[in-house]
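Work out the full structure: start from the sequences and follow the hints.
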Amino acid sequence: MAKHEYAFYPGCSSQKGASASNYLTSVESMCKTLDVKLTEIPDWNCCGASIGYAEAGELPRHVLNARNFALSEQHLPGQEIVATCAACWLGARETRERLTHSDTLMADTREALKEAGLQINEMPNIRHMVEVLIEDLGFDEMKKHVVRPLEGVKIAGYVGCQTNRPFGVSGESFENPQYLDKMVEMVGAESIPEYEQKVTCCGGALAFSEPEKAQAQIKDIVESAYDHGAEMIVTPCPLCQANVEIYQGQINKRYGTKFDIPVMYYSQLMVVAYGGSAKEAALNGQVIRARRLEEIAAKPVKR
Amino acid sequence: MSANTALAEKYRNNFLKEIEEQVEMGDWVKMCMQCGVCSGSCPTNFQSAWEHPPQELFMMIRAGKREEVLTTTSMWNCTSCYNCIVRCPRKLPITHIMHGIAEYAHRIGKAPKMQATRFFSGLFWKNATKTGRVNELKLSMGLYFKDGFAQGVKNGMAMQSVALGLVKAGRLNVMELFGGHKCKDQKGIQAMLKKAYEIERSRKAAKMAG
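Here the protein sequences come in this chain order: A and B.
Going by my numbering, the letters in the first sequence line up with residues 1 to 303, in that order.
Going by my numbering, the letters in the second sequence line up with residues 1 to 210, in that order.
No false leads were mixed into what you were given.
When the alpha-carbon atoms are kept at most 20 Å apart in a straight line, the in silico SDA-like pairs for lysine to any residue are as follows:
1. B/K110 / B/E68
2. A/K253 / A/D220
3. B/K113 / B/S2
4. A/K279 / B/K168
5. A/K143 / A/V153
6. A/K114 / B/I199
7. B/K207 / A/S102
8. A/K16 / B/M175
9. B/K204 / A/A107
10. B/K168 / A/Q15
11. A/K114 / B/A191
12. B/K91 / A/R96
13. B/K138 / B/A163
14. B/K204 / A/E55
15. A/K253 / B/M157
16. A/K16 / B/E176
Hints in this document: simulated from the structure, not taken from any laboratory.
The structure is reproduced here in structure tokens:
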């Protein structure tokens, strides 16, 4: 039996061929090393994300998340729900909070769920993968598995918005969370705690709908990382990752910059540091290749 | 009588009450003390085309500026960064109020029709709830072709290098156009959402009648 078991809510962007499929690949490798067992919630659905608000209304949005709670309770009773995506985590947690605080909303949700033959009896805990790592495993346990430290690599920890606000990771401040920098240090790389754009918004869904606004923000995030001498950026959020990575070419055209900085997930850094291959860390999933990490991943492991 | 006319008539001279009863988290608006921290914290604040920051919208609601509030693009510029929520000294759930006012304006047909984020927001929800899971390719295509075929092709071309990068990295699958990921129990999802909309509508109507 695995040391830690959770009901897993991977989210739409993590699916095969989707924009954060590299995140999922690296999380799976990371969990294997850490003896964490994730069991996918059968037939889970989209959380609605923040951006669905125009059509979602209040109740439909919560019913959508509650369906996942009901499925988790039915198939994986007693297990906490773990999400890797910031939006999934936030959406589900918000629903949990609202339903817990409103009997009317809870009763209405139950009534709607009946239409899908589902019911909720208990409210599940909703955790983000970084919470599991920090709170359930701890930095010491995470560090124990490092066999290939990312020595000499300077990495800007970009936490972004939705992993940080409005809920955030317990014990961290909204303005200057430290855990990502600690994770960077944990894998043997050099962190940049003074990176002042660490909680700046990447523009979220506006990167699609009003790109000039989002790209102005992304430019600040990338520029500051360069100013601090970072070789790469790391983030816990799929939308932050995509937005900060894939539009660098367009930003270069718009602003005459020469951005070309890799944007990684914490799980990718951990897999490489844990001795995993480039493939296990899904380094082939980068639009901007992380050459330095590829070189490290090709090196033999110190055991 | 349109939904908008009926609501405007019912809440005549009391726009604050309309917002309180019909908008998600609208009953928080009166708690705003006009400190402006939300406006200074909003990433949209640093962009052009920003009409009304949140604290200004709250005062406009109290001043009964119904038309100006419901037709502005301001709420639609929200990036859902939640900075305003965590910094508000009176703990107003500002992000949710912004989404709530936007949703209400959209629901009663007052929102600016071709505002890009309004369009994308509706598109996202329909895309996600149709099969239970987001189809990223159809979502992007739907946005590019918002202003017609010719503009769609142009938008697609402008995004070509971004899309190719993703395809090469295995993070965009062209086959998604012909199906893609979906939930098994789509019928159940449709039925429960239909019920949820019915309940929500009847609750709002009851408030209006009450």
